[in-house]
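Please work from the sequences and hints to get the whole structure.
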Amino acid sequence: MPSEPTPRLAYDRPPLDEVIRAFTNGMAVRTGKVTLDLSPLVENGNAVPVKVTVESPMTEADHVRRIALFNERNPQPDIAVFHLFPGAGRAEVATRMRLATSQKVAAVAEMADGGFWMAEASVVVTLAACIEDLI
Amino acid sequence: MRTLINVPKTANKGEIVEIRAMIAHPMETGYRTGENGVPIPRRIIHRFTCSFAGREIFAADLFPAMSANPFLAFTTIATQSGSFTFTWTDEDGTTQSAAAEITVT
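Listed in order, the protein sequences are those of chains F and X.
Read in our numbering, the first sequence has 114 at position 114, and its numbers run on one by one without any break.
Take any residue in the second sequence, count from 1 to its spot, add 135: that is its number in our numbering.
You may find that some hints are simply not true.
Every beta carbon over 12 Å from chain F, so not counted as near; a handful from chain X, in silico [to be verified]:
# : residue
1 : T138
2 : T164
3 : R178
4 : S202
5 : G228
6 : A234
Sample of chain X residues facing chain F (criterion: CB under 7 Å; computed from the structure) [as the list claims (entries may be wrong)]:
# : residue
7 : N171
8 : V173
9 : A194
None of these hints come from the bench; they were simulated from the model.
Every value quoted in this text rests on a predicted model; they were computed, and no experiment measured them.
Yeah, the Cβ is synthetic: ideal placement off N, Cα and C, and Gly gets one too.
Written as structure tokens, this is what we have:
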């Protein structure tokens, strides 16, 4: 049986699920614990506010080690990787990112016990960040 | 590069405080072209760290999908009076630092 052709992007980058798999080293990722605070409709893709919160007491025994932010359709999948430590009080990080087009964004958290949790959100971008030279 | 740090001046011991840090920086992706189609060279801050009393309390690896003038907000528990140190490192190795004091009672 011929398989469905995978839709090609205008630039060469790995798909989102592959990027997440590389971050978790192939470990299973569960949905939950992570809240991705992101407006579903943004006007300006050059500065999209995003906040990630993970349910965690942030103690020595039970804390979030890393939170990675990935995109689905920018020229490159990585946005940022945050490194957190016990004593942070809350596992909460806010920043501003670029989105080249309407797409999904994923936040993946690595816990101290080695487990991974994630959340995804879809964003419609009306004014894309500037990459028109590629398209 | 100008930096903008927002840390409460005072806090109660055990209180969770929010820290906000921003630096004026183009975070140029290398994908854009300027006048006459000349490519604008890539210029990216790829590492941010925040330490308190010499101990790292937060760090971030940044990529071209971060907005220009990268902004980061995170939290820490106020344990004692002291100084936060912030460092931004460019891919070319240049670094920029800033500091902020907090008084914990």
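Outcome of the hint check:
{"no.": "1", "hint": "T138", "verdict": "holds (15 Å)"}
{"no.": "2", "hint": "T164", "verdict": "violated (7 Å)"}
{"no.": "3", "hint": "R178", "verdict": "holds (14 Å)"}
{"no.": "4", "hint": "S202", "verdict": "violated (4 Å)"}
{"no.": "5", "hint": "G228", "verdict": "holds (20 Å)"}
{"no.": "6", "hint": "A234", "verdict": "holds (19 Å)"}
{"no.": "7", "hint": "N171", "verdict": "violated (13 Å)"}
{"no.": "8", "hint": "V173", "verdict": "violated (12 Å)"}
{"no.": "9", "hint": "A194", "verdict": "holds (4 Å)"}
The structure fails hints 2, 4, 7 and 8 (numbered hints given earlier, in ascending order).
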